[in-house]
Amino acid sequence: KAGVTQTPRYLIKTRGQQVTLSCSPISGHRSVSWYQQTPGQGLQFLFEYFSETQRNKGNFPGRFSGRQFSNSRSEMNVSTLELGDSALYLCASSPLTSGMDIQYFGAGTRLSVL
Amino acid sequence: SQKIEQNSEALNIQEGKTATLTCNYTNYSPAYLQWYRQDPGRGPVFLLLIRENEKEKRKERLKVTFDTTLKQSLFHITASQPADSATYLCALVGSGTYKYIFGTGTRLKVLA
Chain A
89 KAGVTQTPRY LIKTRGQQVT LSCSPISGHR SVSWYQQTPG QGLQFLFEYF SETQRNKGNF
149 PGRFSGRQFS NSRSEMNVST LELGDSALYL CASSPLTSGM DIQYFGAGTR LSVL
Chain B
250 SQKIEQNSEA LNIQEGKTAT LTCNYTNYSP AYLQWYRQDP GRGPVFLLLI RENEKEKRKE
310 RLKVTFDTTL KQSLFHITAS QPADSATYLC ALVGSGTYKY IFGTGTRLKV LA
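So the protein sequences, as listed, match chains A and B.
Note that the first sequence covers residues 89 to 202 in the numbering used here.
Note that the second sequence covers residues 250 to 361 in the numbering used here.
Keep in mind the hints are simulated off the structure, nothing from the lab.
Glycine residues also receive a C-beta, built at the ideal position from the N, C-alpha and C atoms.
Hints may contain errors.
Stated by the list, open to error - Here are the in silico distance ranges between beta carbons for each label pair:
{"no.": "1", "chain 1": "B", "residue 1": "S278", "chain 2": "A", "residue 2": "R155", "range": "40 to 46 Å"}
{"no.": "2", "chain 1": "A", "residue 1": "R118", "chain 2": "B", "residue 2": "R291", "range": "19 to 25 Å"}
{"no.": "3", "chain 1": "B", "residue 1": "K252", "chain 2": "A", "residue 2": "K145", "range": "33 to 39 Å"}
{"no.": "4", "chain 1": "B", "residue 1": "E309", "chain 2": "A", "residue 2": "S200", "range": "23 to 29 Å"}
{"no.": "5", "chain 1": "A", "residue 1": "T93", "chain 2": "B", "residue 2": "A259", "range": "27 to 33 Å"}
{"no.": "6", "chain 1": "A", "residue 1": "I100", "chain 2": "B", "residue 2": "L319", "range": "41 to 47 Å"}
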């Protein structure tokens, strides 16, 4: 089975621009979560989608949004980029609906905001 | 607010020794606790899961303990090898939620 695929792997943007990141989960996984990882803050939860519905949301401003499509693929969008948005953005998929689920992570998208 | 603390400083140990990593949490009652390994440039990879009513879990050279009274989990790697060098993350999951709260991770370096 193919793993979680995130595209692009690297991205450079300037302040004020917007960006869209993509995540293709493992086949059959219906839950997709997004995380922001920075050296100082660690891995911070952005949101989680299940069957095209956002089930959980972290404490991030409204500039961060996401969606999930009927094939479980997910995108996250960041509008009006700020320097502090530079980070590794990770997507994780899970097979079931239980909190015991293992999260399977992609390699991430490294976003640099100049 | 919910908080998870892991050793913020890197842990260096000699090959063959047991590495012990700590995960402490406050203001939370997790139903499950998971440990992940992350290598540079890669996403975290799941290692072990332990439930709130379990005291200890083992898998090969790995052992996890969970003390809900102390609000602490310990992660042990016995007979450590240089290949075990990585960052280790703990994650808490509450009952009935699908929101994972991760610690900042501990960087482990096993010296040959």
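These are the hints, each one checked on the structure:
1. B:S278 / A:R155: 40 to 46 Å: Given a distance of about 31 Å, which is not inside 40 to 46 Å, the answer is violated.
2. A:R118 / B:R291: 19 to 25 Å: Check passed, 24 Å falls within 19 to 25 Å.
3. B:K252 / A:K145: 33 to 39 Å: With a Cβ separation near 19 Å, K252 (chain B) and K145 (chain A) fall outside 33 to 39 Å, so the hint is violated.
4. B:E309 / A:S200: 23 to 29 Å: violated (38 Å)
5. A:T93 / B:A259: 27 to 33 Å: holds (31 Å)
6. A:I100 / B:L319: 41 to 47 Å: For L319 (chain B) against I100 (chain A), whose Cβ atoms are near 45 Å apart, the range 41 to 47 Å holds.
Consistency note: the structure conflicts with the earlier hints numbered 1, 3 and 4.
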